[in-house]
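Engineer: Sequence:
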Amino acid sequence: MNVTIKTLFFLFISSLVRLFLPKRVVGKANVEKTLFFLTALLLSPWVYSAKLAIVIDDLGYHPKEDAQILALPQAVSVAIIPAAPHAKARNQQAHQQGRDILIHMPMETVSKIKIEGGGLHLGMTQDEVNQRVQTAKNIISNAIGMNNHMGSAATADVPLMTKLMTALREHHLFFLDSRTIGRSMAGKIAKEQGVRALDRHIFLDDSDAFADVQRQFQAAVQYAQKHGTAIAIGHPRKNTIAVLQAGIANLPSDVQLVSMGSLWRNEKVVPPKPFIFLFSATPAPTSAPPYENVPSLRGVP
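The opening position of the sequence shown corresponds to residue 7 in the numbering used here, with each subsequent residue numbered one higher.
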């Protein structure tokens with residue numbers, strides 16, 4: 007609800023109170039108390055609309071950190087690099103938890119940093135892209151989507167993105183654009199190819215300093231509160247894990263942690279019963295369609 011609708015709604019409730027309550031009851035104090043109660047009661051379904059999705063990239067390399075990530079709530083999604091030594095094991099572990107899994111596909115960078123084997127490069131043919139995607143899917147067999155590992159050059163390249171989206175469509179995978187470059191064409195091409203695409207809004211740990219990760223986590227929460235949805239990406243690092251352990255456990259009552267699959271399927275969190283808003287800060291975990299997509303943030307690091 008925006009401010010105008012909230013104001014109109016409040017005036018409507020005020021009129022009902024004055025119309026139906028006995029005149030002897032409608033004193034100023036009673037009206038204020040009644041309005042507060044009814045407004046809280048009736049507006050409570052809208053205060054649980056904010057959704058925060060968190061994806062942790064680069065799983066498959068470090069068993070200790072991976073285990074700590076997999077100990078986070080189930081709604082935290084993971085992105086596994088196919089070439090990582092423990093990729094198949096992480097795929098099975100996350101799947102057994104009912105956790106959403108993405109293929110974290112290495113892609114060519116503008117700076118020509120060497121990427122892992124099996125990645126995507128400019129100039130590849132459709133058959134080569136198909137083969138790379140198929141190989142990755144064979145390893146990360148329970149993946150429901152893909153996001154880019156690096157890829158500042160790849161995601162800005164129309165021919166490569168067209169071939170990638172063609173391959174993803176065949177596998178019924180969505181694409182999460184990590185937005186490693188501002189002029190990414192991934193979302194536009196995905197839409198043209200009939201592939202569902204979402205954008206990262208916040209990077210949690212561009213800086214590994216604890217205070218910086220905390221600041222970015224709060225930025226993700228605030229973005230969700232303002233826009234309805236936030237997608238944050240982080241990595242299996244000590245400070246990131248510590249911030250997530252504390253931050254997820256203490257999310258504001260108007261923000262719910264949701265999985266990437268929930269966003270992909272256009273699900274909307276069902277609000278709790280009104281009295282939960284009045285007497286409890288615990289959000290309801292259930293979900294049901296539909297979900298209205300929120301425009302991605304531009305210019306966020």
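Some hints could be false.
Pairs of lysine to aspartate or glutamate residues, derived as DMTMM-like cross-links and limited to a Cα-Cα distance of at most 20 Å, are as follows [as the list claims (entries may be wrong)]:
#: 1; residue 1: Lys244; residue 2: Asp260
#: 2; residue 1: Lys94; residue 2: Asp133
#: 3; residue 1: Lys244; residue 2: Glu71
#: 4; residue 1: Lys197; residue 2: Glu176
#: 5; residue 1: Lys94; residue 2: Glu71
#: 6; residue 1: Lys232; residue 2: Asp205
#: 7; residue 1: Lys120; residue 2: Glu134
#: 8; residue 1: Lys70; residue 2: Asp214
#: 9; residue 1: Lys244; residue 2: Asp214
#: 10; residue 1: Lys244; residue 2: Asp212
Simulated from the structure, these hints should not be mistaken for laboratory data.
Engineer: So, for every hint listed, does it hold in this structure?
Structural biologist: Here is what the structure says about each hint:
1. Lys244 with Asp260: violated, 27 Å
2. Lys94 with Asp133: Cα-Cα ~24 Å, so violated.
3. Lys244 with Glu71: holds, 7 Å
4. Lys197 with Glu176: Holds: Lys197 and Glu176 sit about 15 Å apart, inside 20 Å.
5. Lys94 with Glu71: holds, 16 Å
6. Lys232 with Asp205: holds, 16 Å
7. Lys120 with Glu134: With Cα atoms ~19 Å apart, Lys120 and Glu134 stay inside 20 Å; holds.
8. Lys70 with Asp214: Holds, at roughly 18 Å.
9. Lys244 with Asp214: holds, 9 Å
10. Lys244 with Asp212: Given pair Lys244, Asp212 holds - Cα atoms ~13 Å apart, limit 20 Å.
Of the numbered hints listed earlier, those contradicted by the structure are 1, 2.
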